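Just so we're aligned: the sequence shown equals residues 1 to 303 in full-length UniProt numbering.
Note that these hints are calculated values from the structure, not bench results. Fair warning: this is a prediction, and the values are worked out from it, not measured in the lab. Hints may be right or wrong, so weigh each one.
Keeping only pairs whose Cα atoms sit at most 25 Å apart, straight-line, the calculated DMTMM-like set for lysine to aspartate or glutamate is [as the list claims (entries may be wrong)]:
no., residue 1, residue 2
1, Lys268, Asp232
2, Lys66, Glu223
3, Lys66, Glu38
4, Lys92, Glu59
5, Lys229, Glu185
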Amino acid sequence: MALDLRGLNPAPVTPFTPDGAVDHDAMAKLGTWLSGHEGVKSLVVLGHAGEGTFLTQQEQVETIEKLVEAVDVPIIAGITGEGTHVAVEEAKRAVAAGAQAGLIYPSHGWLRFGFQAGAPQERYRAIHEEAGLPCILFQYPDNTKANYDLETQLEIAAQPGVFATKNGVRNMRRWDTEIPVLRAENPNLQILSCHDEYLLHTMFDVDGLLVGYGNIAPEPLLELIAAGKAGDYRAARAVHDRLLPVTKAVYHRGSHMEGTVALKIALKARGVLEHATVRSPLVDLTPEAEEEIVQAMKSAALV
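With the sequences and hints as input, model every part of the structure.
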């Protein structure tokens, strides 16, 4: 039976010790805190917010294992390997470590060069059949060459083992025209928005959220999900407006990658993490940026 992700699915950051090692105790604390909110359906590790591609294979496995031990919600692993065979082996390690599903990233060469017809479908088929891992379709932003046209999305969604889609197309014209087709053609496909900076627009069409934003604001995001499912625009807009200073401080930055650094700063402000250590190639933000993030969290009553 497919996992039920109809709610909030945070993508936790990966805490590090001050000397740069993965801090599994801090990760357990973060995971326990997040999963303790009613309506949190899973935790999604080893993705962009979790600096997953910056971890060694052993660190990736241990991160899954330790978090599985610490929390009562399903753990979903980001599968980011470049080649299909490499991704299958990564998925096998994730299954052995206790992951119950995989968020399947596109082969990252596609970001620059695009993909051949049929290649994404084969990636999902191989991971599900050879590793036994249920799969979440990941739709990348429209401004990359690794995002899938509607036909490719529909074909992946129809494959055995694909039970949800995390859509981050960040093109509202495509969102408004493609999501209804995905819903109509695959009624059981769970549709999850990952538009951290466009949640209000996407909130009324989805079953839930799969977002790094869930690290720092699980309470208002759960309110936003409830408002979206109720079709209550006024309530949803109120949550959006409350969070807008945080959204700007965390996600309206020069690079979306800075969002991971900002999330750690915000978690430190909430007292969930002791510090905001990141791993290269991420770099620390300026003291001025850190103060901006802290003040935004205070304005949203999250600190």
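The hints, checked one at a time:
1. Lys268 / Asp232: violated, 32 Å
2. Lys66 / Glu223: violated, 29 Å
3. Lys66 / Glu38: Status holds; Cα separation ~22 Å.
4. Lys92 / Glu59: holds, 15 Å
5. Lys229 / Glu185: holds, 20 Å
Checked against the numbered hints above, the structure breaks hints 1 and 2 and satisfies the rest.
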